[in-house]
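*Asks:* Chain residues, written in single-letter form:
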Amino acid sequence: MSIYDKSSLVLIPSGTKTGKVYSQKPVSGDGDFTFTRSSAATRVNADGFIEKETSNLLLQSNTFDTTWGNASSTETSGQAGYDGTNNAWLLNKTATGGRIQQSIVVSGVHTASVYAKSGTLNWFLFLITSTGGDEGGYFDLSTGNTGTQFGSQIDIKTEDVGGGWYRCSFTANINTSSTIRIYPANGDNDVSGSGSIYIQDAQLEQGLVARDYIETTTTAVEGGITDNVPRLDYTDSSCPALLLEPQRTNLIVNSEYFASWNLSGGSLTANATTSPEGVQNAYLYTEDTSTNYHRLNIGASATNSNKVYSVYAKLADGAVNKWLTIDNGPTAWFDLENGVVGSAAGSVVISIEDAGSGWYRCIYHNPASTTGAIYIGIAASNGGAGNHTGSGLPAFYAYGAQCEDNVTYPTSYIPTYGSSVTRVVDSCLDGGDSNVFDNDTAVWFIDIERIGTDSAVIGDSLSLRDSSNVRQITLWFDAPTKQIRFRDGKNSFTTIGSSGGVISTPDNTRIKIALKIDGTTLKVFADGVQKGSDYTRPTAFDITQMDMEGKGYKIRNIQFLNSTLTDQEMIDLTTL
Amino acid sequence: MRTFRKYSFGSKGAATTKINALGVDEEGNPNHNHAIVHLGNLVEQEGTYDEEGNELTAPVLSSTYHIDVLWDGEADSSWDGQLVWMKPMGVHTFGSSSAIREWTEACKALHPEFFPEPSEEL
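Protein chains in written order, with our numbering: chain A, 25 to 600; chain B, 69 to 190.
The set of hints was computed from the structure by calculation and includes no laboratory data. Heads up, a few of these hints could be off.
Unchecked claim - Sample of chain B residues with no beta-carbon within 10 Å of chain A, all distances over it, derived:
1. Gly81
2. Leu90
3. Thr125
Unchecked claim - Taking CB as the label site, the calculated pair distances span:
4. A:Tyr28 - B:Val111: 39 to 45 Å
5. A:Asn532 - B:Leu178: 42 to 48 Å
6. B:Glu173 - A:Lys506: 43 to 49 Å
7. A:Pro562 - B:Met69: 42 to 48 Å
8. B:Met69 - A:Thr167: 47 to 53 Å
9. B:Leu178 - A:Ala369: 45 to 51 Å
10. A:Ser492 - B:Glu173: 45 to 51 Å
What you are looking at is a predicted structure, and each value in this text was computed from that prediction instead of being measured. Quick reminder that beta carbons are idealized off the backbone N, C-alpha and C, glycines included.
Please model the complete structure; the sequences and the hints are all you need to start from.
*Replies:* Right, dumping it as structure tokens:
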């Protein structure tokens, strides 16, 4: 009989839904976990892309005669749409300035989009008005070109989707209270007269690009990795791991909108290439030819000495200066051509992670930081000066900058669009019941990878509890020492296996560990050996559930057996 | 349901006392399900720095100590005396769209002056 067959609870993370992580065994569902995280988050999905929350903040996104107000216009449904349906609308203006509009209360970087096609008119005006001014512009539906533009929008574009239809969008940093408007237009910069266009599927979302359309009715809708959606993370693996992270805040207020940063020695181009998110929303930094610092910088309200900065960067085609610099006081260098770290000044610790397609996440930990500011620039060589004579050429692409304060390691990317944002802790609780767990003859096996170690994650990572939620056995995370240990919650949290039962857990290193309960004797195994001495428990356990707290780790496999194994089987089980 | 609110205290100690009253376990860790972020003394005036990033003038910080709470359920009414409202632009939030929406609507109801309506004119 295999270990799997002997197991009463098996969790190999693969099946989830909002608020739930499914176990493979028992098939009754009694082993399923309740998952909570009261915020959105990101993960690396099966395609290797960073996946975010998606949203449509408009109401009645394709019902233009409800919630939408109008002025001198009529709206007729049932028109042939871009997607083969009859869900498009004829928007007909009867007098100058005829339009539809909807009030919105949002702020920060947003992208508005709508599918549109010529009717009796070839032009329309797509606009967000606010007390801060207008943003948007005119679109020519006969050519797919844009016309007169308003405000200082970040990007404006059309996408030809066939059949005379275009997805028209613009991206802007908008104020709190605004109105989104659609005007049929007689020509560029001309909303006089009368006439019609066809429209379908309007959307307003955070970020620099229009993503897949989400239909809404009476409320905004979120999708993707939104609140309470468990994260199956595919970083560095074709097999997913359940990602459980602590609460973290990204203190950089615009993590993707680099044009809001301070710029020196070069220029920026929005939406210049495909980012690690798999959409075209990365910025390009191009050096000028001045003798200057070639970099951009932003402040962050980070006040503690330990700060971790990270940014995704990719070398631009034709770049001659190939070393990215990150500077929060001491400077560090990253080789974007070969994907390796260079040198780092002071006590700064750096690392680099391959994010695919030439992208690297460059990570900078300053344990003695005295400022919140971060500078990201380019240098000619490892240790080379930032204030060099620029090449005048494209240098690097950037995406997803992050500052995490009072920590020592980075967590998954937290996008921000005008304010700092906190991702809340992941919790995966209440797996199993009294039928699943035996207290005297059992094996608890865990395939785990710790993603970082600091004082914020000391404590229970996984625990077996009784029906009153009292801890019976815990897997305890220590810090700053990179180690974990099983502890007996019924005996003053004594370390099982004594000092030898402590298991070394280097960051980002997968390890297989198991606890064997054979009557009153408990043994710890890890990496194919027994750790420490046999432990005699003084008080019997009463296990009814398994909990996992977001302490910064990934789970690839958990199994609980209501039978024991030989020591050799335990060695085999925990050998990588 | 989660509820996002912002609070201001006279000192970090006063904030910590209030937070600890929500519950801590024997190891001093929170044993409640509310999420709390210490914003601390807010920057009221940015510092200035030279090209090397060296501080020229220090930032000016608020005398009050600020925290944000994402309540598991309704906000604790005993905290209402410390509630603060501000224009929802450029201020810290939790990454929960539904909680941000509820907070924004509550803010607009209490402080419509933070939400000036745009002109109807093109």
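*Asks:* Mind checking the hinted window 42 to 48 Å against the Cβ distance between Asn532 (chain A) and Leu178 (chain B)?
*Replies:* Given range 42 to 48 Å: holds, Cβ gap about 46 Å.
*Asks:* For the range 45 to 51 Å, tell me whether the beta carbons of Leu178 (chain B) and Ala369 (chain A) fit it or not.
*Replies:* Once the Cβ atoms are compared, 49 Å apart, the range 45 to 51 Å for Ala369 (chain A) and Leu178 (chain B) holds.
*Asks:* Per the stated criterion, does the least C-beta distance between Leu90 (chain B) and chain A lie above 10 Å, as a non-interface residue requires?
*Replies:* Answer for Leu90 (chain B): holds, closest chain A Cβ roughly 15 Å.
*Asks:* Are Glu173 (chain B) and Lys506 (chain A) spaced within 43 to 49 Å by their CB atoms?
*Replies:* holds (45 Å)
*Asks:* That 45 to 51 Å hint for Ser492 (chain A) and Glu173 (chain B) (C-beta), does it hold up?
*Replies:* 39 Å Cβ-Cβ, so the 45 to 51 Å window is violated.
*Asks:* For Gly81 (chain B), is the shortest beta carbon distance to chain A beyond 10 Å?
*Replies:* holds (17 Å)
*Asks:* So does Tyr28 (chain A) sit 39 to 45 Å from Val111 (chain B), Cβ to Cβ?
*Replies:* For Tyr28 (chain A) and Val111 (chain B) the Cβ distance comes to about 55 Å; the hint is violated.
*Asks:* Is it true that the C-beta distance of Met69 (chain B) to Thr167 (chain A) lies inside 47 to 53 Å, as the hint says?
*Replies:* holds (49 Å)
*Asks:* Do Pro562 (chain A) and Met69 (chain B) keep their Cβ atoms within the hinted range of 42 to 48 Å?
*Replies:* Holds - the Cβ-Cβ distance for Pro562 (chain A) and Met69 (chain B), about 43 Å, lies within 42 to 48 Å.
*Asks:* For Thr125 (chain B), is the shortest beta carbon distance to chain A beyond 10 Å?
*Replies:* At about 13 Å from chain A, Thr125 (chain B) clears the 10 Å cut-off, so the statement holds.
Checked against the numbered hints above, the structure violates hints 4 and 10; every other hint is satisfied.
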